[in-house]
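Put chain S on the given structure of chain C with help from the hints.
Below are the chains, spelled out letter by letter.
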Amino acid sequence: MSVGEFLKERLAALLPDPAEDLRDPDYIRDSLALGWLIATFYFRADVRGIENIPAEGPVLLVGNHSGGNVTPDSFVLGLAFNTYFGVERPFYQLAHDLVMLMPQVQWLRRMGMVGASPGTAERLLDRGAAVLVYPGGDWEVHRPTWKSASVDFAGRKGFLRLALDRKVPIVPVVGIGGQETALFLSRGEGLARFLRLDKLLRLKVLPISVAPPWGLNIGDFVGHIPLPAKITVSVLKPVDLHRKFGPHPDLEKSYNHITRLMQRELDRLAAERRLPLLG
Amino acid sequence: MRIEERRTLGAAPATLWKLIGDPAAYPGFLSGVTRCEPQTKGRPRRGARYSLRLLVGAAQVGGVIEIVEFDRPQELAWVGITGIDQRGRWRLRATPEGTEVTLRLTYSVPGGLLGLVADALAAPIVRGHVQRSLEALAELS
Chain C
93 MSVGEFLKER LAALLPDPAE DLRDPDYIRD SLALGWLIAT FYFRADVRGI
143 ENIPAEGPVL LVGNHSGGNV TPDSFVLGLA FNTYFGVERP FYQLAHDLVM
193 LMPQVQWLRR MGMVGASPGT AERLLDRGAA VLVYPGGDWE VHRPTWKSAS
243 VDFAGRKGFL RLALDRKVPI VPVVGIGGQE TALFLSRGEG LARFLRLDKL
293 LRLKVLPISV APPWGLNIGD FVGHIPLPAK ITVSVLKPVD LHRKFGPHPD
343 LEKSYNHITR LMQRELDRLA AERRLPLLG
Chain S
2 MRIEERRTLG AAPATLWKLI GDPAAYPGFL SGVTRCEPQT KGRPRRGARY
52 SLRLLVGAAQ VGGVIEIVEF DRPQELAWVG ITGIDQRGRW RLRATPEGTE
102 VTLRLTYSVP GGLLGLVADA LAAPIVRGHV QRSLEALAEL S
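Residue numbers (the working numbering), protein chains in the order written: chain C, 93 to 371; chain S, 2 to 142.
Next comes chain C alone, as it looks inside the complex (with noise of 0.2 Å):
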């Protein structure tokens, strides 16, 4: 066995059972409290088009990702969606496997997250729960701070397949201001690859930012403390692929409508900030 086997043998060991569903109403219920304080006076956070997330039912929550390895925009939908719809309703966030390895994540499982495992997806939106998840993952939440207004998932489309095949609407969240809780400089490709992060870890990445309260900070594994950057997210209306696109709808054509979409409207979300960190 070569080190590098090994070692993907021992984190996967590590990785918590993605089965096990460790979300729980009355926890969520109970951290609500903080989430609002620290939405509303820390990030000053504007959530708009909430309702647009159909009322029942199991949906696809697919969003453009931004924060580093501590994304303010998924803790503001999260608080959003619990508010407005209740914790009773199931809502589970999918999140790679490096941050179920974080020293955080029974926090955050408690909250939803759960690893984005093959299957994981699939089994919750058939019990009716809505799923968040982020495709553009790693590669677009370590974006450098000067691509803030971009939405790049780097081709990925497993989202479109995990949508089609369970017949649920897809809902864009499309956010901005994450990319300003700290000064993201690369996503350090190169020396992920030299490293064989790919491999090892399905890691394309090693970012390099500055942040508090480590200064140059490489890899982010352990989070860092995001700055106060005014939150905006805004949910789009739910898009039916099939009805769109008809009964077999092609993925590239559906993977530049989603993106057309989202983008569009984080051009408009970027035209109305004025200053970084404050919006």
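Calculated directly from the structure, the hints in this document are not laboratory data.
Mixed in with the good hints, there may be bad ones.
Unchecked claim - Pair ranges (Cβ atoms, derived):
| hint | chain 1 | residue 1 | chain 2 | residue 2 | range |
| --- | --- | --- | --- | --- | --- |
| 1 | C | E148 | S | E98 | 43 to 51 Å |
| 2 | S | A121 | C | G307 | 34 to 42 Å |
| 3 | C | Y134 | S | G129 | 14 to 22 Å |
| 4 | C | G247 | S | R133 | 45 to 53 Å |
| 5 | S | R133 | C | Y134 | 19 to 27 Å |
| 6 | C | K336 | S | G48 | 37 to 45 Å |
Said to hold, decoys possible - A short list of chain C residues far from chain S (calculated; beta carbon distances all over 12 Å):
| hint | residue |
| --- | --- |
| 7 | T212 |
| 8 | D244 |
| 9 | S278 |
| 10 | R294 |
| 11 | V302 |
| 12 | F313 |
| 13 | L343 |
| 14 | L353 |
| 15 | L370 |
Glycine residues also receive a C-beta, built at the ideal position from the N, C-alpha and C atoms.
Same frame as chain C, now just chain S:
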């Protein structure tokens, strides 16, 4: 936390009741209310339920509410069935000048000590909504 505001308006109680007595109309004049949709069939009455949301800071809070008092044209009260613990009450009392209107919102954010902090910091926002709602009611009547 209890927020209460009172105004004397020139209209008669029966006139004001036309607005106050139909919660489905609240988004039209209650500041911060983003939706209030009937969840039960029929006219507003004791036992009728609505899905109500109020924008407070970064979140739209609320849930399903149920009318627990419906005493035309004097008193309408509701309690929250889902969402954060909350109650609301309209009181209309005829006076020589018209009607003394009281709007009272009582809420409690879960979460222990942090819930109490959130209660207190939300109070100015909720009070602002209540004051603007009474002003809007005065204009509409």
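For each hint, the structure was consulted:
no.	hint	result
1	C/E148 x S/E98: 43 to 51 Å	holds, 47 Å
2	S/A121 x C/G307: 34 to 42 Å	holds, 36 Å
3	C/Y134 x S/G129: 14 to 22 Å	holds, 21 Å
4	C/G247 x S/R133: 45 to 53 Å	holds, 48 Å
5	S/R133 x C/Y134: 19 to 27 Å	holds, 26 Å
6	C/K336 x S/G48: 37 to 45 Å	holds, 42 Å
7	T212	holds, 27 Å
8	D244	holds, 26 Å
9	S278	holds, 31 Å
10	R294	holds, 33 Å
11	V302	holds, 27 Å
12	F313	holds, 28 Å
13	L343	holds, 35 Å
14	L353	holds, 23 Å
15	L370	holds, 16 Å
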